[in-house]
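A.B. asks: Given next are the chains, with one letter for each unit.
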Amino acid sequence: MNRIDHRQQPVILGTGILPIGQHWEISLRQLGGRAVRMALQDAGNPKPDAIYIGNGLGTILSHQANLGALIPEFAGYPGIESCTFEAAGASGAAAFQAACFAVESGYVDVAVALGVEKITECEDRAAEAAMNLALNYEFESSQGSTVKTEAALIAQRYLYEWHLNREIFQRVALNSYQNARENPNAFARNIDEKTYQKQPLISAPLGLYDIAVQNDGAAAIVLTREELVPAEERDRLIRVSGSGNAVASLALHDRHDLLYWSAVAQSAAAALRQADLKLSDIDTFEIWDGTVMDVILSLESIGICQEGKGWQIDSLPLNVTGGCLGRGNPLGASGMYQIAEIARFLQTQKSKDRIHRNALIQAIGGYGATAITHILRS
Amino acid sequence: MESPRHWRLKKQRYALIGEECPHCKAKIFPPRDVCPECGLEAKTAYQFSGKGKVYSYTTINEAPSGFQDMSPYAIALVKLEEGPIVTAQLTDLGGESIWVGMPVEMVTRKLRNDGDERGVILYGYKFRPAFQA
Ligand SMILES: [Zn+2]
Chain U
11 MNRIDHRQQP VILGTGILPI GQHWEISLRQ LGGRAVRMAL QDAGNPKPDA
61 IYIGNGLGTI LSHQANLGAL IPEFAGYPGI ESCTFEAAGA SGAAAFQAAC
111 FAVESGYVDV AVALGVEKIT ECEDRAAEAA MNLALNYEFE SSQGSTVKTE
161 AALIAQRYLY EWHLNREIFQ RVALNSYQNA RENPNAFARN IDEKTYQKQP
211 LISAPLGLYD IAVQNDGAAA IVLTREELVP AEERDRLIRV SGSGNAVASL
261 ALHDRHDLLY WSAVAQSAAA ALRQADLKLS DIDTFEIWDG TVMDVILSLE
311 SIGICQEGKG WQIDSLPLNV TGGCLGRGNP LGASGMYQIA EIARFLQTQK
361 SKDRIHRNAL IQAIGGYGAT AITHILRS
Chain W
1127 MESPRHWRLK KQRYALIGEE CPHCKAKIFP PRDVCPECGL EAKTAYQFSG
1177 KGKVYSYTTI NEAPSGFQDM SPYAIALVKL EEGPIVTAQL TDLGGESIWV
1227 GMPVEMVTRK LRNDGDERGV ILYGYKFRPA FQA
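If you're matching them up, the sequences are chains U and W in order. Residue numbering for the first sequence follows our numbering, beginning at 11 and increasing consecutively. Residue numbering for the second sequence follows our numbering, beginning at 1127 and increasing consecutively.
Derived from the structure by calculation, the hints contain no laboratory data. Keep in mind it's a predicted model, so treat the numbers as computed, not measured. Each hint should be verified, as a subset may be incorrect.
Claimed, not checked - To be clear about the criterion: a stretch of chain U counts as covered by chain W if any three or more of its residues have a C-beta under 8 Å from a C-beta of chain W, and this derived list gives those stretches:
(1) 145-152
(2) 166-172
(3) 261-270
We put the CB at the ideal spot given by N, CA and C, even for glycine.
Work out the full structure, taking the sequences as your base and the hints as a guide.
C.D. replies: Written as structure tokens, this is what we have:
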């Protein structure tokens, strides 16, 4: 994709973020509707032309399809353009990308991107089963494999190839948990070094705290293009200056190199190219951490860390608001949380005159199967 | 439940029948319409030997529904002698510990009990330890 004229560039007008957790009292439609209203209010109540929805599991867990005809009504805008985008964990990012395309092309003036997921509608086992839909059903799930075992298989091979042991996961996991402490919308899991080291193994070598916990959540972002914002207000804008979407084989075993995530690499490279930035220009990274292993392989595949060293994250500005591990993982909404929280982070940094200006944000669907990257600039 | 699917996948699951690409000779499993190596059409059936080595492994303690009877069980990525990697359960371990590189061979076993009122049981490939030739 080519760069676009900055006047057409998508800009963020407002964000709405619901706390991640168990929202037993409200349903999928209310979760979504509330996040949209919060975002529009934050944006100064512009009239939206369209709502693009990212959702992964509503058809299974809430027995509800066609959210496009449902959620706008609950947001107070019945009859406006809306439909769902599904890419497992990258659903939210896919909906955000659609909203960007819609505003930058001139197709609409104001678009809302919503990520929403209702996990706690069913017993845990049903939610687990729904998550496994992201695997290749005929050749992975049908063998009794799950999302967690796929991650464990890769983690085991990684440790074997690089002669490492599972202690390398601690730094990556604790980074997310520690960063989540100051995030009021994160699902508090309060993991410190002691609790982390006492965790039970779920599927060796991965333990309970190496895997993000699923939860309910909804986040929304209001977008327009730069030329529609009055000149005197443009200075405070957060711009979306690049995006990239790439896929690899859905089944892990169908890939040539199981420890290199080609979709992750391609999508990041495409987004950077569009933004006309290099990796060294990025001040903060939001990297998908459905499990600790996802972070390690992503950092290596993007080229942020060397191969075999993706766990050495010491000075890296990484998942500053807690990532999926720290904030909880409302699957199809997580991609929207990533972008909305980093947009707020950049805004805060800007008002403090700090150095963080450029952010690279990446969501993953399946186990490294789909990767959608966005570059935000303040 | 889903019997057309089970019928369609029977050859692959019972006998590990994949394809050999007529253009580049790549061995393909599971079979598909387009060769993942050269991008040309693939259609020639190929019988895999069923021999391979453990590429990676883990154990599942909280089994998904349909698999609880067998829990806990080992899942592995098995690299077949002919090249492709498959995801499958390991069986008949008899207390033997699993290691990367462990030689294994295919056997047909009960994969899952679909748990519907008709109690459909699905059979397919698993791998067990093999003595090296
Ligand atoms: Zn070929």
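A.B. asks: Does each hint fit the structure? Answer for all of them.
C.D. replies: Hint check:
no., hint, result
1, 145-152, "holds (count 5)"
2, 166-172, "holds (count 3)"
3, 261-270, "holds (count 5)"
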